[in-house]
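Asker: First to last, the sequence lines map onto chains G and E. Just so it is clear: in the first sequence, position 174 is 210 by our numbering, and no numbers are missing. Just so it is clear: in the second sequence, position 73 is 55 by our numbering, and no numbers are missing.
Derived from the structure by calculation, the hints contain no laboratory data. Please note that a few of the clues may not be correct.
Lysine to any residue pairs mimicking SDA-like chemistry, simulated, CA-CA at most 20 angstroms apart [stated by the list, open to error]: (1) G/77 to E/111; (2) G/139 to G/160; (3) G/77 to G/96; (4) G/141 to G/89; (5) G/112 to G/135; (6) G/209 to G/121; (7) G/209 to G/257; (8) G/77 to E/119; (9) G/85 to G/103; (10) G/114 to G/96; (11) G/77 to E/114; (12) G/209 to G/242; (13) G/77 to E/94; (14) G/142 to G/100; (15) G/77 to E/76; (16) G/77 to E/118; (17) G/77 to E/117; (18) E/94 to E/76; (19) G/139 to G/77; (20) G/209 to G/248; (21) G/209 to G/260; (22) G/219 to G/242; (23) G/77 to E/120; (24) E/94 to E/28; (25) G/142 to G/188; (26) G/142 to G/152; (27) G/77 to E/113.
Computed Cβ-Cβ distance ranges for the label pairs, DEER-style [stated by the list, open to error]: (28) E/49 to G/81: 29 to 37 angstroms; (29) G/43 to E/124: 33 to 41 angstroms; (30) E/34 to G/91: 42 to 50 angstroms; (31) E/118 to G/99: 40 to 48 angstroms.
Derived coverage of chain G by chain E (criterion: at least 3 residues anywhere in the stretch with Cβ under 8 angstroms from a Cβ of chain E; other residues may be distant) [said to hold, decoys possible]: (32) 46 to 58; (33) 69 to 78.
Where a beta carbon is used, it is the ideal one built from N, C-alpha and C, also for glycine.
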Amino acid sequence: MQRILNALLQFRNPILYFFLLTISLSITNNRSAFHEYTLEKYGFYFSSKLYAFQYSISNYFNLGTVNRQLLEENEKLKAVELEINKLPLYPGALIKPQRFPYKLKKATVLKNSFQNQRNFILINQGSSHGIRPEMGVISNNGIVGIVHSVSKNYANVISILHQDLKINVRTTKSPAFGSLVWKGGSPLEFKIEDIVTNANIHVGDTIITGGMSFYFPLGIPIGHITHLEKNEENGYFSIDAQLFNDPSQVYYVYVLENQDFEELESLQKNIVQ
Amino acid sequence: MNIFSISAIITFISLVLAQTLLFNHFYIFGFVNPIVYLLFFVYYRFESNQTLLIGLAFLLGFFVDFISQSGGAHTIASLTVGFLRPILIRYAFGATMDSPQSYFTDSRRINKLIFLVLMVLLHHTFYFTLVYFSWDAFYLILRNTFITSIFSLILIGIILSFYPNKK
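Chain G with its partners taken away, still in its complex shape (with noise of 0.2 angstroms):
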């Protein structure tokens, strides 16, 4: 106590001259407009200045939550998009309403991999969330692959880096439609077989899901045409393609429940049959 004194004695004069100071300046603040104005800006800026600092540590603590929720917002504003994607691509689309029979359903991935020759990624959704082997599984700018086994609370997915695995595909211009399959290399790089060489097709066209299958709808945009070349011995082109994403670097997954599919398949049985 003593030496608190002690010091407060020794440092009486800043002491008082700094609290003579705030006075006057407060007094200052009260009698002019101008000032007090200024003098409000400046602390606006401190304040703003630690309000931000306290929002940037907040909003990390927040991440978590702000993800789920974003994603959730996704998986809503992805079903209207493939809807939207589709329709100018039939003809007479926008006369006739058509039917669109697929949901969405979002998942973590737990596990990717591109490493290998055939790939397989583990996804958070299973049997409980309603997935069902043969489900389509898309990413925010592509696909990802199809879904193989399904355990009650996770699924294995094909994936798109799989060398077995063929996608139907065509370009938004020609309605020729071709298998996309990965070449085992890049995770990027691809090639599409099966395209006849009468094709109205060129360098930079954009790739999209044919809609010949019952795993994806029309139109979602894949990737790239960056080489082609004209097979003259069979008829056929053979073509390179890049993918818009990176199917080894996908976090978060829609996948795609076909709600007709028992009905297809049911159609494809009596077919075989």
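Add chain E to chain G, keeping to what the hints say.
Answerer: What follows is chain E alone, placed relative to chain G:
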């Protein structure tokens, strides 16, 4: 209550009145308003109580502000000069044993002039900075500080020449 305290009070009151009633109505060149109440810091003896001087400096500026109905600029500038006066004295007269007891007991003209110039510049810088209180007026602050300081110094010099140099 010795003779010095009474004369200090009289100086205090007369300086406040002189500043507010007389010098605040000077408009040399239309904008220069000399500030002479700084004479109080000259008159206040160097070895007297510093804490009291800070309080008096605050009151001096406060009364000038109050009567001339300005903002708090005089208060803050005067308070700062009162607070920093020991440093000004040390700069102007040196920190040796022969530092004078008051302004009037010293006979070194150059040191006295340096003290006055430093004090007036310090006061005017604070005063005009607070009056304009904006970076945009930087040039105005510099111009006013410089020109007003010259006239304040001239007036302070004239008034000081009436005081006898006590040995």
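Asker: Each hint: holds or not?
Answerer: A quick look at each hint next to the structure:
With a CA separation close to 17 angstroms, the supplied pair residue 77 of chain G and residue 111 of chain E stays within the 20 angstroms bound. Between the alpha carbons of residue 139 of chain G and residue 160 of chain G the distance comes to roughly 18 angstroms, so the proposed pair stays at or under 20 angstroms and holds. Straight-line distance between C-alpha atoms of residue 77 of chain G and residue 96 of chain G comes to about 28 angstroms, which puts the hinted pair past the 20 angstroms bound. This hinted pair does not check out: residue 141 of chain G and residue 89 of chain G have alpha carbons roughly 36 angstroms apart, beyond 20 angstroms.
At roughly 17 angstroms between alpha-carbon atoms, residue 112 of chain G and residue 135 of chain G fall within 20 angstroms of each other, so this suggested pair holds. With a CA separation close to 14 angstroms, the supplied pair residue 209 of chain G and residue 121 of chain G stays within the 20 angstroms bound. This hinted pair checks out: residue 209 of chain G and residue 257 of chain G have alpha carbons roughly 13 angstroms apart, not beyond 20 angstroms. The suggested pairing of residue 77 of chain G with residue 119 of chain E holds, with an alpha-carbon distance near 17 angstroms, which does not exceed 20 angstroms.
Between the alpha carbons of residue 85 of chain G and residue 103 of chain G the distance comes to roughly 25 angstroms, so the proposed pair goes past 20 angstroms and is violated. Restraint check for residue 114 of chain G and residue 96 of chain G: not satisfied, since their Cα atoms lie roughly 26 angstroms apart, outside the 20 angstroms limit. For a cut-off of 20 angstroms, the pair hint linking residue 77 of chain G to residue 114 of chain E stands: about 15 angstroms separates their Cα positions. For a cut-off of 20 angstroms, the pair hint linking residue 209 of chain G to residue 242 of chain G stands: about 8 angstroms separates their Cα positions.
Simply put, residue 77 of chain G and residue 94 of chain E have alpha-carbon atoms about 41 angstroms apart, too far for the 20 angstroms limit, and the pair is violated. Restraint check for residue 142 of chain G and residue 100 of chain G: satisfied, since their Cα atoms lie roughly 15 angstroms apart, inside the 20 angstroms limit. A C-alpha spacing of about 42 angstroms is found between residue 77 of chain G and residue 76 of chain E, which places the hinted pair above 20 angstroms, so the restraint is violated. Only pairs whose Cα atoms come within 20 angstroms are accepted, and residue 77 of chain G paired with residue 118 of chain E is accepted, the gap being roughly 15 angstroms.
Among the hinted pairs, residue 77 of chain G with residue 117 of chain E is consistent with the structure: their alpha-carbon atoms are about 13 angstroms apart, no more than 20 angstroms. With a CA separation close to 11 angstroms, the supplied pair residue 94 of chain E and residue 76 of chain E stays within the 20 angstroms bound. Note on residue 139 of chain G and residue 77 of chain G: the hinted pairing is violated, with a Cα-Cα distance of about 52 angstroms set against a maximum of 20 angstroms. For the suggested pair residue 209 of chain G and residue 248 of chain G, the alpha carbons sit about 17 angstroms apart, so the restraint of at most 20 angstroms is met.
For the given pair, residue 209 of chain G sits about 12 angstroms from residue 260 of chain G by alpha-carbon distance, which is consistent with the 20 angstroms threshold. Note on residue 219 of chain G and residue 242 of chain G: the hinted pairing holds, with a Cα-Cα distance of about 19 angstroms set against a maximum of 20 angstroms. Proximity of residue 77 of chain G to residue 120 of chain E is assessed by CA-CA distance (about 18 angstroms); at most 20 angstroms being required, the pair is judged to hold. The hinted pair formed by residue 94 of chain E and residue 28 of chain E meets the criterion: a straight-line CA distance of about 13 angstroms does not exceed 20 angstroms.
With a C-alpha separation of about 16 angstroms, the suggested pair residue 142 of chain G and residue 188 of chain G falls inside the 20 angstroms cut-off, and the hint holds. Only pairs whose Cα atoms come within 20 angstroms are accepted, and residue 142 of chain G paired with residue 152 of chain G is rejected, the gap being roughly 26 angstroms. Our distance criterion of 20 angstroms between C-alpha atoms is met by residue 77 of chain G and residue 113 of chain E, whose separation comes to about 16 angstroms. A hinted range of 29 to 37 angstroms holds for the C-beta pair residue 49 of chain E and residue 81 of chain G, which are about 34 angstroms apart.
For residue 43 of chain G and residue 124 of chain E, the hinted distance range of 33 to 41 angstroms is satisfied, since their beta carbons lie about 39 angstroms from each other. For residue 34 of chain E paired with residue 91 of chain G, a C-beta distance near 48 angstroms keeps the hint of 42 to 50 angstroms intact. Between residue 118 of chain E and residue 99 of chain G, the C-beta spacing of about 42 angstroms keeps the proposed range 40 to 48 angstroms intact. Coverage of a stretch by a chain is defined here by at least three residues with a beta carbon nearer than 8 angstroms to that chain's beta carbons; for the region 46 to 58 of chain G and chain E the count is 7, and the condition holds.
A count of 3 residues in the region 69 to 78 of chain G with a Cβ less than 8 angstroms from any Cβ of chain E is obtained; the coverage claim is therefore met, three being the minimum.
Comparing the model with each earlier hint shows violations of hints 3, 4, 9, 10, 13, 15, 19 and 26; every other hint is respected.
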